[in-house]
Each structure stands twice: as structure tokens, then as C-alpha cells.
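Please take these sequences and the hints and turn them into a complete structure.
Each residue of the sequence shown is one higher than the one before, starting from 1 at the first, in the UniProt record's numbering.
Check each hint, because a few of them may be wrong.
To be verified - Distance ranges between label pairs, derived from CB positions:
id, residue 1, residue 2, range
1, P353, E59, 53 to 63 Å
2, A185, E216, 42 to 52 Å
3, G197, S170, 48 to 58 Å
4, A332, A185, 49 to 59 Å
5, H279, G341, 37 to 47 Å
6, G60, E315, 47 to 57 Å
No wet-lab data here; the hints were simulated from the structure. For every residue, glycine included, the Cβ atom is placed at its ideal position computed from N, Cα and C.
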Amino acid sequence: MTKSREPFMLDGGTVRLRPWRLRDAEQLRAACDDPVTAHFMAQMPTPYTMEHARWWITEGSPESWQTGGASWAVVDPATDEVLGGAGLSHLQQDRRQAELGYWVAPWARRRGVATAATRAITDWAFGTLGMIRMELFTVPDNAASQRVALAAGFTREGVRRGASTRRDGSHGDYVAFVRLASDPAGPVPPGLPDFPGGELTDGRVRLRRIAAADAEDYFALAQLPEVARSNVGGPTTLDGVRERCACAEADWLAGNRATCVVLDAESGAFAGEIGLYYHERFLQQAILGYALRPEFRGRGFATGAARLLSDWAMERAGVVRVVAGTFPYNEASRRVLERAGFELEGTLKARLPAQDGTRVDDIQYVRIAEKFR
Numbered sequence: 001m002t003k004s005r006e007p008f009m010l011d012g013g014t015v016r017l018r019p020w021r022l023r024d025a026e027q028l029r030a031a032c033d034d035p036v037t038a039h040f041m042a043q044m045p046t047p048y049t050m051e052h053a054r055w056w057i058t059e060g061s062p063e064s065w066q067t068g069g070a071s072w073a074v075v076d077p078a079t080d081e082v083l084g085g086a087g088l089s090h091l092q093q094d095r096r097q098a099e100l101g102y103w104v105a106p107w108a109r110r111r112g113v114a115t116a117a118t119r120a121i122t123d124w125a126f127g128t129l130g131m132i133r134m135e136l137f138t139v140p141d142n143a144a145s146q147r148v149a150l151a152a153g154f155t156r157e158g159v160r161r162g163a164s165t166r167r168d169g170s171h172g173d174y175v176a177f178v179r180l181a182s183d184p185a186g187p188v189p190p191g192l193p194d195f196p197g198g199e200l201t202d203g204r205v206r207l208r209r210i211a212a213a214d215a216e217d218y219f220a221l222a223q224l225p226e227v228a229r230s231n232v233g234g235p236t237t238l239d240g241v242r243e244r245c246a247c248a249e250a251d252w253l254a255g256n257r258a259t260c261v262v263l264d265a266e267s268g269a270f271a272g273e274i275g276l277y278y279h280e281r282f283l284q285q286a287i288l289g290y291a292l293r294p295e296f297r298g299r300g301f302a303t304g305a306a307r308l309l310s311d312w313a314m315e316r317a318g319v320v321r322v323v324a325g326t327f328p329y330n331e332a333s334r335r336v337l338e339r340a341g342f343e344l345e346g347t348l349k350a351r352l353p354a355q356d357g358t359r360v361d362d363i364q365y366v367r368i369a370e371k372f373r
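Below you can see the structure in the form of C-alpha cells.
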């Protein structure tokens, strides 16, 4: 049985972790009544009242210490302002592992608060408690938390299906991150690097990571008959598109997929979408796919987007081969690829599923990193 411990403070450098105090109640209430905090912390009451805050400070947090865990207010070392909360739970002494969690107040986000707190707790757990494995879980659409995990030295381990409970009582997935005591110090790089400055552009088109606000445009594009006809494995409902957009950054951080919107550089209008699917990392081979709204076709947008994304993949993401498949009837797409520097490699017979249940050939083009040509 895990022994209780007395509350204490931890020095996190840019932050301090200390026990909660009653004078923190108003800041705790304001932070936890924030919609973003409530969205990602399904077990937290909403609306979050002063009564809830006082209960946590006088009962909830002390119980964490009494059951062998820990619960801290994360504060500014200079002003003692509450910046967030963090804790340790689910200790398994026989396995020498534990789980940590955190949240950040809206006024303290993007300041490295969660990363500093996570590092402090992890170092304490390894050094004082003798833990050898620390776990951290986030929901798939919480990319900010996943960036914290990577920055704090945690490696993405996989997905725990159905392990989280949503506010409506249904179950969703958790993305699991783990750091071992034997892991090297320092951050873990994301699976795919960010675009320099957040986007790619050639002056005519701009590419940026797709976001939740793009779901309506993305879905409307996918419903066009000529786009739907060539859609292999993509979402077919608005809810499915919303989920893909919401989880796009998580897919990026995992290194699985870079899904982007194609924008008119001059007007900023949504012109289409393009994606790079990196499922063959061992072979350093990725698949490229794209679609444009009709009014932007024949104007070099697809060519520019294909060239920009494949250049980035080869120059910054370690990809050697970028492959793009086309249906036999899609001559226009083959012309796009040829102008973007791709060359015909061959035909894979009956590789692609058609909407009527039959199979069609995949005419494949490839672009190879220059140093391997």
C-alpha cells in the first residue's frame, strides 16, 4: 500500500510548485472555469464555482497527498500568482512507475509553464521516489499538451483506445507519452518538423497545417463528385472531417501525416487541401495526395503545392521518396505531377478500391531527393 506524504514545494526554475492555499481559490476558480480547461478535463465540474475551488483546496488536493500522490499549485516564483496545477498519481511501487498530469491557466499559456512543471515532477520522481517510468496521457485533439510532453522529454508510445471518459459519459482514446529514467535529457523532436514560420509559400500558393476552422471548406471540397470519386480512405462525413482537422496537429507531431490547406497567397482564399502520409518511415517513403476547388484548377496551384510540400519533406523531414498515385482516368493530375518534378514509375494493377466495390489500377509517380538521384 502506498504511504501518505506531507505536502512540500518543488523548485521548477521558472515556476514553483507548492501546496494549494485557500487564498488561491479565486484564481483556481477563474482558471478552471475557462472553456479550454473544461474541454480537455472532462472530470472537472462545469461551471467551476468557488465552492468547487474551496473543496479542491481543503479536501481534494489533501487526499492526493494522503493516498501517496501529490498535488501542487504551479505559481510564479516572484509574485506567487497561480499559473496552473500539476500532480502525481497512479503510483505502482512494484513497477516503479507513476502518472503525472497538469493544466495551465489561460493567462499563463505559451510561457513554458507546463513543461517546467513536468520536468520538475519527473526529476523528483526519478531521483527521490526511485521511479523508472513516468506516464503522461492526453486526448488526441490536445496538441498543446502533446507538445509539452515532447518538450519535457517524453516519447510518444502509442494510443490507448477507449481509455478516456468524455464529459457526456462516452469513451475516447488517450495518446500515451512515456519517459524512462534512462532516457537522455532534453526534448524529444516531433515526428514531422514544423513549417519554417508556420507555412510554405512560393508567392502564388500558401500551405499551412489544417485547423478545426477549415472543416467546412474541407468537407465541401470532399463532396465534389470528381473529388469524392478519387477519395481513398479519407473521411466522408462532416463529423469525420471535423475530427481529422481537430487531430491534424497530433498526427503531425506523431509523424504520421501532414495535412495542409492550400491557400491563394494573394487573397487568402481556401483553394484546396494537400497531404503527406508518412507511413513507411523505415523506407523513408511518403505518399502525396491533393484536391483543389474547381475555380483554382489549371492555374498552377496544385503544381506549386505539390512541389512545396515534397521539397519540405525531402529537405527537412528526411523523406527520400515521395510517391503520388493517380487513377487511370486522371490525366490532369499526372500533368500536375510531371510539372512538379515527379516522374512516372509504373502501374500497380488493381491497387485502389473504387466506390462501386471494384478495383482500379494505380499509376504511380515518384520524386526522389536530389542527393539520391
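Going down the list of hints, with the structure as the test:
1. P353 - E59: 53 to 63 Å: With a Cβ separation near 56 Å, P353 and E59 satisfy 53 to 63 Å, so the hint holds.
2. A185 - E216: 42 to 52 Å: Given a distance of about 44 Å, which is inside 42 to 52 Å, the answer is holds.
3. G197 - S170: 48 to 58 Å: violated, 39 Å
4. A332 - A185: 49 to 59 Å: Holds, since A332 and A185 (Cβ atoms, about 51 Å apart) stay within the stated range.
5. H279 - G341: 37 to 47 Å: Given about 22 Å between the Cβ atoms, the range is violated.
6. G60 - E315: 47 to 57 Å: holds, 50 Å
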